[in-house]
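**Student:** Residue-level listing of the chains:
4 protein chains.
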Amino acid sequence: MSASEPTKLPTPSACVADFCIIPIGTPTASVSNEVAQVQRLLKQTGVKYSMHSAGTTLEGTWDEVMHIIGQCHSLLHANGVVRIQSDIRVGSRTDKKQGFEDKVAKVEKLLAGDQG
Amino acid sequence: MSASEPTKLPTPSACVADFCIIPIGTPTASVSNEVAQVQRLLKQTGVKYSMHSAGTTLEGTWDEVMHIIGQCHSLLHANGVVRIQSDIRVGSRTDKKQGFEDKVAKVEKLLAGDQG
Amino acid sequence: MSASEPTKLPTPSACVADFCIIPIGTPTASVSNEVAQVQRLLKQTGVKYSMHSAGTTLEGTWDEVMHIIGQCHSLLHANGVVRIQSDIRVGSRTDKKQGFEDKVAKVEKLLAGDQG
Amino acid sequence: MSASEPTKLPTPSACVADFCIIPIGTPTASVSNEVAQVQRLLKQTGVKYSMHSAGTTLEGTWDEVMHIIGQCHSLLHANGVVRIQSDIRVGSRTDKKQGFEDKVAKVEKLLAGDQG
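Protein chains in written order, with my numbering: chain A, 325 to 440; chain B, 325 to 440; chain C, 325 to 440; chain D, 325 to 440.
Calculated directly from the structure, the hints in this document are not laboratory data.
Take these hints with a grain of salt, some might be off.
Claimed, not checked - Here are the computed lysine to aspartate or glutamate pairs in the DMTMM-like style, where the Cα-Cα straight-line distance is at most 25 Å: (1) D:Lys332 / B:Asp438; (2) B:Lys420 / C:Glu358; (3) B:Lys420 / A:Glu358; (4) D:Lys372 / C:Glu425; (5) A:Lys332 / D:Glu432; (6) C:Lys332 / B:Asp387; (7) C:Lys427 / D:Glu425.
Please put together the full structure from these sequences, using the hints given.
**Tutor:** Laid out in structure tokens, this is it:
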């Protein structure tokens, strides 16, 4: 990977992204219908993902992950939501492969060592 | 709650916050030690919280929640991290009480209805 | 600052926070009225702040900054918004004092060195 | 745009994204060198962007914007940063075209009406 021509750089081959999608200008304060639509789409894509109360985490290549999150926006737009805002936390690293489940496991192992 | 004197408004009596804390300028790319320290502090506070791979969610009054996240910064500073950045997603609502577990349950109920 | 009793730790004495506030369940997709209300409140508090297209940055003690962002939520609630979600990026550091204007100035100085 | 085959949906044709990029495991707490590298890359891409103290805002198609942010990660990786975390706030809307400069202008117009 060369930094001499940065505009030709590829995007990262692996990343973990966590996103929280918010519909704006919807009739009610509930967002569960929209979140359920997103979950159904994620399931259909075959990507590895996990929902929690503050968002959904997925992993894959940068392009794949960002493409899917973009499709989530498009899906809600197609279903009538005129404005959507997402917060995405995305991480990439070159020192090792680490999926989102590994991250939790590592911390839990440290905490388990506290006992005894 | 009056908006006529906004600078005297109280903060919300309930909120759900999800935060991802990142130490900057540490010797290694691993953050699991710092995350474990944060989890130990959260446990000691008695606040309701849940860790996932992209952060930790907690609920309580606005002041309580923000005070605890600030203490997490101070704890890492006290343990030698000179710079810390957090991303916090925080929500408050006045239409009903909703804890972070309720949010997931509601979406899962919708998704469960897909089958059968 | 001692980490031996973490639940008694004070919050950081200085921080820079950038927040983006989103009203949920409002009749229109526009959020400019809500953002304007927030700006008026910030002005009244006397805190140092700066609005940009993706949020508003403010600086002060941790408690002060978080109290004001909480009041922004309460103000919108008082004005009829039943649900509000904010994304807050907050940083604290112990190695030096740095306001939000200093951060931009430092990068611009580096970029200015590119010319000539 | 049809939602009947969501996995074939295109990504949004326009979006505004604001990102804050954080190098992890670097020798110092300063991030200004990394931010400057990102700004140079953005300039070379020709995308419309604006730096502020808490991030950089850019606008374009979803694919273009996310590709460029991914290249920013790759650039820092190429320059030796082994782990990078970004927070991205991204919005899309179908009711009208709105660039990031329009958003600030609209709020400032509302605030200007306060005087006189």
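**Student:** All hints, please: hold or fail.
**Tutor:** Results of checking the hints against the structure:
{"no.": "1", "hint": "D:Lys332 / B:Asp438", "in the structure": "holds, 21 Å"}
{"no.": "2", "hint": "B:Lys420 / C:Glu358", "in the structure": "holds, 21 Å"}
{"no.": "3", "hint": "B:Lys420 / A:Glu358", "in the structure": "holds, 19 Å"}
{"no.": "4", "hint": "D:Lys372 / C:Glu425", "in the structure": "holds, 22 Å"}
{"no.": "5", "hint": "A:Lys332 / D:Glu432", "in the structure": "violated, 38 Å"}
{"no.": "6", "hint": "C:Lys332 / B:Asp387", "in the structure": "holds, 15 Å"}
{"no.": "7", "hint": "C:Lys427 / D:Glu425", "in the structure": "holds, 21 Å"}
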